[in-house]
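I would like the entire structure built from these sequences, with the hints used as guidance.
There are 2 protein chains.
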Amino acid sequence: MTLGKYIPVLDWGRSYSRETFSNDMIAAVIVTIMLIPQSLAYALLAGLPPEAGIYASIAPIILYAIFGTSRALAVGPVAVVSLMTAAAVGQVAQSGTMGYAVAALTLAFLSGVFLLAMGLFKLGFLANFLSHPVIAGFITASGILIAASQLKHILGVPAGGDTLIEVLETLVEHLGDTNPITLAIGVSATGFLFWVRKGLKPRLRAAGLGPKMADVLTKAGPVAAVVLTTVLTWGLGLADHGVAVVGAVPQSLPPLTVPSLSPELLKQLLIPALLISIIGFVESISVAQTLAAKKRQRINPDQELIGLGAANIGAAFTGGYPVTGGFARSVVNFDAGAETPAAGAYTAVGLAIAAVALTPLVFFLPKATLAATIIVAVLSLVDFSILKKTWGYSRADFFAVAATILLTLGFGVETGVSAGVILSIGLHLYKTSRPHVAEVGLVPGTQHFRNINRHTVETLPSILSLRVDESLYFVNARFLEDLIQDRVTQGCTIKHVILMCSAVNEIDYSALESLESINRRLKDLGVGLHLSEVKGPVMDRLRKSHLLEALNGRVFQSHYDGWRSLTGAPRPLPDAVV
Amino acid sequence: MTLGKYIPVLDWGRSYSRETFSNDMIAAVIVTIMLIPQSLAYALLAGLPPEAGIYASIAPIILYAIFGTSRALAVGPVAVVSLMTAAAVGQVAQSGTMGYAVAALTLAFLSGVFLLAMGLFKLGFLANFLSHPVIAGFITASGILIAASQLKHILGVPAGGDTLIEVLETLVEHLGDTNPITLAIGVSATGFLFWVRKGLKPRLRAAGLGPKMADVLTKAGPVAAVVLTTVLTWGLGLADHGVAVVGAVPQSLPPLTVPSLSPELLKQLLIPALLISIIGFVESISVAQTLAAKKRQRINPDQELIGLGAANIGAAFTGGYPVTGGFARSVVNFDAGAETPAAGAYTAVGLAIAAVALTPLVFFLPKATLAATIIVAVLSLVDFSILKKTWGYSRADFFAVAATILLTLGFGVETGVSAGVILSIGLHLYKTSRPHVAEVGLVPGTQHFRNINRHTVETLPSILSLRVDESLYFVNARFLEDLIQDRVTQGCTIKHVILMCSAVNEIDYSALESLESINRRLKDLGVGLHLSEVKGPVMDRLRKSHLLEALNGRVFQSHYDGWRSLTGAPRPLPDAVV
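Just so you know, the sequences run in chain order A and B. If you're matching positions, the first sequence starts at 1 in full-length UniProt numbering and goes up one per residue. If you're matching positions, the second sequence starts at 1 in full-length UniProt numbering and goes up one per residue.
Simulated from the structure, these hints should not be mistaken for laboratory data. Be aware that one or more of the hints could be misleading.
Identical copies carry no separate label here, and so any pair may be met within one copy or between two of them.
[Unchecked claim] The list that follows gives simulated cross-link-like pairs (lysine-lysine, DSS-like), each with its CA atoms no further than 30 Å apart: (1) 431 / 122; (2) 201 / 431; (3) 198 / 523; (4) 212 / 523; (5) 431 / 535; (6) 523 / 201; (7) 267 / 212; (8) 198 / 267; (9) 388 / 523; (10) 267 / 122; (11) 267 / 201; (12) 294 / 267; (13) 267 / 295; (14) 535 / 388; (15) 201 / 122; (16) 495 / 295; (17) 535 / 122.
Printed below as a string of structure tokens:
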């Protein structure tokens, strides 16, 4: 029972039937075909040798199948995490060196340890500190950065950099060195893939194929591009004319590798690993939840952290680099009918066979083709509509998105996402630091109190009724002190202040002290302080303090009770209604 | 009018009468006498020559009188800010060097610029990010650190360090070098000052003095200690027996000084200056508000920032160091009858006379006496009761205080206060990330809905009524998604989910997307999603989104309306009551 909770395979494995097996198997074959070019391409993006992408798809996918809870999630290298890997590892080592590969393993290891620890200590809520708009802005900016970074392969020139300006600068610098054949391959592959994505599917549907089949065939477009350009390059000997190809890839199962434990390296990779863990987890859990919801299934976020942690630690020990649940591949897996995580395990077997048997075939695969598959994949992530949507709904959210996009493009992924998180939290605190406080009055003939600025209500000069529309905590505690001080200083006729607390979900110790100080000051001025409609949990806590004893006034069940009691008004309606 | 807003002196100066003048004058004389030893002592604590303390009390106090809004606040060097100055400047220069003094000026300048900028951009709310318990913990820990750092003067040995352990270690190391005469002076001065504080006041009262007069005389205790030990040291030639004395202090008005603008130094002092500004502002505004409230006066926090900013910039150009409004001196000023900021200006004149005429008299003043006045002053700040109070009221607050105290003692003031801020914000976000969500049912015979776990209520298996007791924003958006997903997955009889939003003060863009995704998922499952009791401002915003159009259900004015509409129950009470 408990073991099943931590190792979900023990649960679903028990009822594994022949039919489930055949469904899983079909999905696995389709996903494997899609993953081969994708894995090679993402390794290229991460600045690693192509086989690292394949290796990163084998052990991690099996480990996730054992520890993860999603039935359809496909774990492996993904675009954004590959870019973040390149940015992080590029700061500590030169791409192509042994140190670079070891740093990538170490990054995967650290990231796995973080994910595992967050899962074991139930810290999955940390991922919530990334707001949806910040994620959307970050993904859009990353997509642009990734596409820009791949242009060098399309042009066949050396270029690089972590920010959009750096990338474009180095590209322009080398523009004269463009290899025309590479450019031709790159542009036609990109054009072909865009056409497959936009134009092929309607034609296949028109030709009588089912929607799912049409979708799967469309997803196989990159495979066609890979085969065509590889054959062309081989047949015409284009590699001798300066077309960069993937070259020799070792024919082997994933090797046993060991991440470095050098304290210096660990320290340098700590923050990037944390950011990669959180971004990876957020991406993965969104996909997993979307797919699970379609079948009334359930995802356990803390167990997902454990699954992803195990997958990353697996990647670290088998020549891979940081991995997470990918959107495109998971949707293909789900649509192709995968029923259990076993489909992932079969995919891993397929990729292992590919690693051993098919690697010689990609020798003549042009890097420009891989770059084209990346560009087409990531440009679908670029979506500026979030700017328009948030502008219409909430300026604070708009500001957070715009800043995240600009900072990611201008200062790289780590700065961008960190700034997004800090800004979101800062803006939230700023908003709650100036809560909406309405002066309320009695709606004539009822027991209801409404904002005096929005409704025609009864008020009395001797009673100030304030409804606080926010929890009271340290960030806004002083605001309330100032506000009441102001009001009482201006209105010398005020004899009673009643705070209506129906929307106050918490009063922390700072706010308690503020209330005590408000109470003390009002007492000095001969003004009463009363509370009404205090919530159960808030009242439980206030009872533990000295505020209620010292209160220069009373606590009323309803605001109307308070009003009636302080004005001596008659009670117009039966008790049961209150 | 507008000028008067930024330069309050133009307002109160107009109605300045002879009586106000004489009241201000009396207060100024009393405060001046109290400030002379205090200023010398705090300069010692900051690692600066004694005259820096006097200079830091002259120009700043006049500038605050012009720009500040508090009628009683006395600005100058204070204990905690002096300690923070020593910690910050000690990292970039050696105490006693010219570089040290220049760094202190630069720190005051930077801090003044920050305060001024915060005031002009109305960023005073930033100070609210320091919760009351964190401030209390920080002040207590700082008090201990300060007292410990002064023990070296009592013992007459060299010692130092930024953390309690460092200070005690170096003290123990040099314990053998203790100067017995210094120790005797230090211990008797400390004992005398404690007695003045605890024992003298009741005796003076018993002797028939008024409470205010007794208080003022008690506050003059340090002056008596200074005079007695100085005369003793001079008369017995104790300076020749190893008693460290203040020595030669230049007889002059504050000099014109210039802070350094070296980018290297500015960069190193940036964070300390920011922390000093915020801590200084918080200390100052608390005192100012407490005193203003007693006279139904009003403090404008943004204008206070401008006043304190001007004071610090003044300190930077007149040989001082960072200053703020002090608690003890402001209370004395207020109790002595100060009516306007002019009292501060007269104090400045008094101190200027002292700087020119009285400085030769302090040549033989033992440093041990100054240390004693500091120790007695700061130990009154040490108050561990905040630990007990927060433990009883809120564990999160307790945790923040305990961490702030331990980190301040163990890692110094900057780490302590930064950690306190980060922890308070983190704990607040954690709390709101798991909001209280109650399943509610109808209280029989009424229109009210209450928690099904606390009350006997009516429910229906087809309707799930949830009351969310928190604003919905990015930190808890996913929580609600998970919760509803869970509930619907478990209860297959559910046909309608109604969210009661009476305590939802905000729905940000992330929460909007979560609601859209909840709506989509529930729609796929054939379950309706309804909202009830949505607040005006929240509804205004939702109308700008697509949620209401896409909603697979309705928005009800009251939860009872929704219940009645979905169950077809009759309406038992007239409309006006709802």
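Hints versus structure:
1. Both within a single protomer and between protomers do residue 431 and residue 122 lie at most 30 Å apart by alpha-carbon distance, with minima of 28 Å and 14 Å respectively.
2. For a Cα distance limit of 30 Å, the shortest separation of residue 201 from residue 431 qualifies neither inside one copy, at 47 Å, nor across copies, at 48 Å.
3. Taking CA atoms no more than 30 Å apart as the test, residue 198 paired with residue 523 passes between copies only; the shortest distance there is 29 Å, against 73 Å inside one copy.
4. In this homomeric assembly, residue 212 and residue 523 come within 30 Å of each other (Cα to Cα) only across copies, at 22 Å, whereas the closest approach inside a single copy is 73 Å.
5. For a Cα distance limit of 30 Å, the shortest separation of residue 431 from residue 535 qualifies both inside one copy, at 23 Å, and across copies, at 17 Å.
6. In this assembly of identical chains, residue 523 and residue 201 lie within 30 Å of each other by CA distance solely across copies; the values are 27 Å between and 75 Å within a copy.
7. In this assembly of identical chains, residue 267 and residue 212 lie within 30 Å of each other by CA distance neither inside one copy nor across copies; the values are 47 Å within and 59 Å between.
8. For the identical chains of this complex, residue 198 and residue 267 are neighbours neither inside a copy (45 Å) nor across copies (53 Å), given an alpha-carbon limit of 30 Å.
9. Within a single copy, residue 388 and residue 523 get their C-alpha atoms only as close as 51 Å, which misses the 30 Å cut-off; across copies the closest is 26 Å, which meets it.
10. With identical chains, the CA atoms of residue 267 and residue 122 are at most 30 Å apart within one copy only, with a shortest distance of 24 Å there and 38 Å across copies.
11. In the homo-oligomer, the alpha carbons of residue 267 and residue 201 never lie at most 30 Å apart, since the shortest distance is 48 Å inside one protomer and 58 Å across protomers.
12. Taking the shortest alpha-carbon separations for residue 294 and residue 267, neither the intra-copy value of 42 Å nor the inter-copy value of 53 Å comes in at or below 30 Å.
13. Neither within a single protomer nor between protomers do residue 267 and residue 295 lie at most 30 Å apart by alpha-carbon distance, with minima of 43 Å and 56 Å respectively.
14. In this assembly of identical chains, the alpha carbons of residue 535 and residue 388 lie at most 30 Å apart only when taken from different copies (25 Å versus 38 Å within one copy).
15. Taking the shortest alpha-carbon separations for residue 201 and residue 122, neither the intra-copy value of 43 Å nor the inter-copy value of 56 Å comes in at or below 30 Å.
16. Taking the closest pair of Cα atoms, residue 495 and residue 295 come within 30 Å of each other only across two copies (17 Å); inside a single copy the shortest separation is 60 Å, beyond that limit.
17. In this assembly of identical chains, residue 535 and residue 122 lie within 30 Å of each other by CA distance solely inside one copy; the values are 29 Å within and 33 Å between copies.
Violation of the numbered hints given earlier is confined to hints 2, 7, 8, 11, 12, 13, 15; the remaining hints are satisfied by the structure.
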